[in-house]
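Student: Please model the complete structure; the sequences and the hints are all you need to start from.
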Amino acid sequence: MIRRILINKSPAFSHLELYVQNGFNVISGVSGSGKSVFLNSILSAFGLKEPNADLIEISLEIDYNKLGINLEDWGISNALDEDNQAVVSILKKQNTRYFFNHQSIPKKKLSEISTHFIKYISIKDGNELQSNFLLKILDTFIGAKDVKFFLLLEEYKQIFLEYKNCGNELENLKRMQKNLENLKDFAQFEIDKITRIDPQIGEYERLLNEKKLLSKKEKVLQSCSLALQSIDSMDSVNRALQLLGLDNSNLQSCLLEVRGNLENAIDDFENLDMEPEELLNRIGELADIQRRYGSEEEALKHLAIQREKLKEYENIEFDKTQLEKKYIELERTIQELSKKITQKRIANIKNFEARLNNFAQQLKLQVLSIKRSSCLFDEFGVDNLEILLDEKSKNIVSSGEYNRMRLCVLCTMVEANEVKNINNTTQRSIIKKTKAIEKKKMNVRDQQNIFNNESLANLHFTNQYNALNTECGILILDEIDANLSGEESEGVAKLLHFLSRSYQIFAISHQPFMPLMSDYHYLVSRDDENKGYIQLLDNEGKIQEIARMISGSNLDSHAINYAKTLLEQKKQERSNL
Numbered sequence: 001m002i003r004r005i006l007i008n009k010s011p012a013f014s015h016l017e018l019y020v021q022n023g024f025n026v027i028s029g030v031s032g033s034g035k036s037v038f039l040n041s042i043l044s045a046f047g048l049k050e051p052n053a054d055l056i057e058i059s060l061e062i063d064y065n066k067l068g069i070n071l072e073d074w075g076i077s078n079a080l081d082e083d084n085q086a087v088v089s090i091l092k093k094q095n096t097r098y099f100f101n102h103q104s105i106p107k108k109k110l111s112e113i114s115t116h117f118i119k120y121i122s123i124k125d126g127n128e129l130q131s132n133f134l135l136k137i138l139d140t141f142i143g144a145k146d147v148k149f150f151l152l153l154e155e156y157k158q159i160f161l162e163y164k165n166c167g168n169e170l171e172n173l174k175r176m177q178k179n180l181e182n183l184k185d186f187a188q189f190e191i192d193k194i195t196r197i198d199p200q201i202g203e204y205e206r207l208l209n210e211k212k213l214l215s216k217k218e219k220v221l222q223s224c225s226l227a228l229q230s231i232d233s234m235d236s237v238n239r240a241l242q243l244l245g246l247d248n249s250n251l252q253s254c255l256l257e258v259r260g261n262l263e264n265a266i267d268d269f270e271n272l273d274m275e276p277e278e279l280l281n282r283i284g285e286l287a288d289i290q291r292r293y294g295s296e297e298e299a300l301k302h303l304a305i306q307r308e309k310l311k312e313y314e315n316i317e318f319d320k321t322q323l324e325k326k327y328i329e330l331e332r333t334i335q336e337l338s339k340k341i342t343q344k345r346i347a348n349i350k351n352f353e354a355r356l357n358n359f360a361q362q363l364k365l366q367v368l369s370i371k372r373s374s375c376l377f378d379e380f381g382v383d384n385l386e387i388l389l390d391e392k393s394k395n396i397v398s399s400g401e402y403n404r405m406r407l408c409v410l411c412t413m414v415e416a417n418e419v420k421n422i423n424n425t426t427q428r429s430i431i432k433k434t435k436a437i438e439k440k441k442m443n444v445r446d447q448q449n450i451f452n453n454e455s456l457a458n459l460h461f462t463n464q465y466n467a468l469n470t471e472c473g474i475l476i477l478d479e480i481d482a483n484l485s486g487e488e489s490e491g492v493a494k495l496l497h498f499l500s501r502s503y504q505i506f507a508i509s510h511q512p513f514m515p516l517m518s519d520y521h522y523l524v525s526r527d528d529e530n531k532g533y534i535q536l537l538d539n540e541g542k543i544q545e546i547a548r549m550i551s552g553s554n555l556d557s558h559a560i561n562y563a564k565t566l567l568e569q570k571k572q573e574r575s576n577l
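Under our numbering, think of the first position of the sequence shown as 1, with each following residue one higher.
Just so you know, these hints were derived from the structure itself, not from any lab.
Predicted model only: the values in this text are computed from it and were never measured.
In this text, a Cβ means the ideal position worked out from N, Cα and C, and glycines have one as well.
It cannot be assumed that every hint is accurate.
[Claimed, not checked] What follows is a set of in silico ranges between Cβ atoms, one per label pair, in the way DEER data are often shown:
| no. | residue 1 | residue 2 | range |
| --- | --- | --- | --- |
| 1 | Arg307 | Lys371 | 55 to 65 Å |
| 2 | Lys164 | His510 | 43 to 53 Å |
| 3 | Lys148 | Phe189 | 36 to 46 Å |
| 4 | Glu61 | Glu169 | 43 to 53 Å |
| 5 | Lys66 | Met176 | 17 to 27 Å |
| 6 | Gly23 | His558 | 29 to 39 Å |
| 7 | Asn165 | Lys371 | 31 to 41 Å |
| 8 | His15 | Ala79 | 26 to 36 Å |
| 9 | Tyr64 | Ile550 | 15 to 25 Å |
| 10 | Asn95 | Ile346 | 49 to 59 Å |
| 11 | Tyr64 | Met176 | 40 to 50 Å |
| 12 | Glu573 | Lys371 | 31 to 41 Å |
| 13 | Asp519 | Ile346 | 38 to 48 Å |
Tutor: This is the structure in structure tokens:
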């Protein structure tokens, strides 16, 4: 997953560029050399810790589809760089800025993306011991043996979603029903008001114009009357011009046009038959419409909406009855499906416990058990799982026990994935043969149903494992074997080697067991200028460092020979795992 790590100006490293590989990567070194600083730099690049360097850049080989990640959900492009890698980085100056694929991203969003493929085990955190996580693993074991179980889960999930939506609709209707009379009265009031006023589109502007004309009606009529009298007196002028033999045609034409305009104006003003008081009242009503709804057109739209709402309110009682009936039917279906799911889970809990305790024994933990209890319906069913250590709740165990319990669950999850891969291949073969045998007996529709069921089951397999991140991921551990006995530390190392089948692991250790089981061993040291650096140890370097971890700084031939012997033994042991 992580391919390259660049750190610039951190408390331990002035400049570090390190290329790493998949598998089990162990980091060791004397106290204060910078091991935890290095891991914190990695975590901070993903928004999981506070940044401790001016620049941190990490290149990743990542399969978004396998991890169930769509970066566009966070506003980031899914594109990879020219090396088919993603890049996360931090630039710390006056402010700290986070980047994913060179695109700026808030720290919160970055950490949300990162939790899809990074697990950090150091303190009492994480979700591996939560009920939902345990249920997914248990369901995976069941579904690996019985593909129909995944179909049952998928059916339950779809019915539960419909049940939940139906419940929300019913609650909304009940809330509306409590205030139904008020809502109906308000809708009727709005309808009555608009209907009574009966606004016409453009009427308000037209009446305002009439108001202006009405205000000057008397003056206009008086002026027009005087003007007509003046035009009548112009006849003497026309006769005088005729007697003088002068052309008066232009004057006559002009006077006729003016007379026509004046007479038309008089007719218009005399036809303003609306009483001033009536006009003002109508304008006031329309002004209220304008103020409340914006325009006559909007008021008419609002009228149509209120009429529809009134119909809905009148139909609510009928809708509520139908929804209550549907809700009861869905609840009955959920109860039936959840009962079948619970029966399957109860029948397989002992097997789940056995697998957990197989890993718990290697970690020298007391007996792990799974306590099942009933809970309210949710998307996982009606089952709640609690993991107990020697009948003790996870909330009261020590940090060391808690984190070893997390390792047990993670290992069981990886094992479930491997069982799934084997059984899924077998089940596909069986289904294929069954389809071939039954093909002659079934019509086309029946054959299509079988195909759809198989596709749905396979799709659920994919969804289950994307949710669990079992195919790939990064696991970071900071001195998880601290304060553990030699046997316990050896068990932790073996389980981490097992987990490295599915995870790229980075682990700090002061004990020799992790380096002995590791694929790659890195030594953190400081040079003469007290600047930190990291080197990948070859076989000889690994022997020297393991000998130091066993006997201290004063190495002798016995410690080195013992380290060689242990390393050879563990290589053989690793090859047999």
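Student: All the hints need checking, so say for each whether the structure fits it.
Tutor: Outcome of the hint check:
1. A hinted range of 55 to 65 Å for the beta carbons of Arg307 and Lys371 is consistent with their spacing of about 58 Å.
2. With their beta carbons about 50 Å apart, Lys164 and His510 fall inside the hinted range of 43 to 53 Å.
3. Hint check: Lys148 to Phe189, Cβ distance near 58 Å, so the stated range 36 to 46 Å is violated.
4. For Glu61 and Glu169, the hinted distance range of 43 to 53 Å is satisfied, since their beta carbons lie about 46 Å from each other.
5. Judged by the Cβ atoms, the range 17 to 27 Å given for Lys66 and Met176 is violated: they are separated by roughly 46 Å.
6. At about 31 Å, the CB distance of Gly23 to His558 agrees with the hint of 29 to 39 Å.
7. The hint said 31 to 41 Å for the Cβ distance between Asn165 and Lys371, and at roughly 32 Å that hint holds.
8. Separation of His15 from Ala79 is about 29 Å and conforms to the stated range, judged on CB atoms against 26 to 36 Å.
9. A hinted range of 15 to 25 Å for the beta carbons of Tyr64 and Ile550 is inconsistent with their spacing of about 43 Å.
10. The supplied range of 49 to 59 Å is met by Asn95 and Ile346, whose beta-carbon atoms lie about 54 Å from each other.
11. For Tyr64 and Met176, the Cβ-Cβ distance of about 43 Å falls inside the hinted range of 40 to 50 Å, so the restraint holds.
12. The hint said 31 to 41 Å for the Cβ distance between Glu573 and Lys371, and at roughly 35 Å that hint holds.
13. Between Asp519 and Ile346, the C-beta spacing of about 40 Å keeps the proposed range 38 to 48 Å intact.
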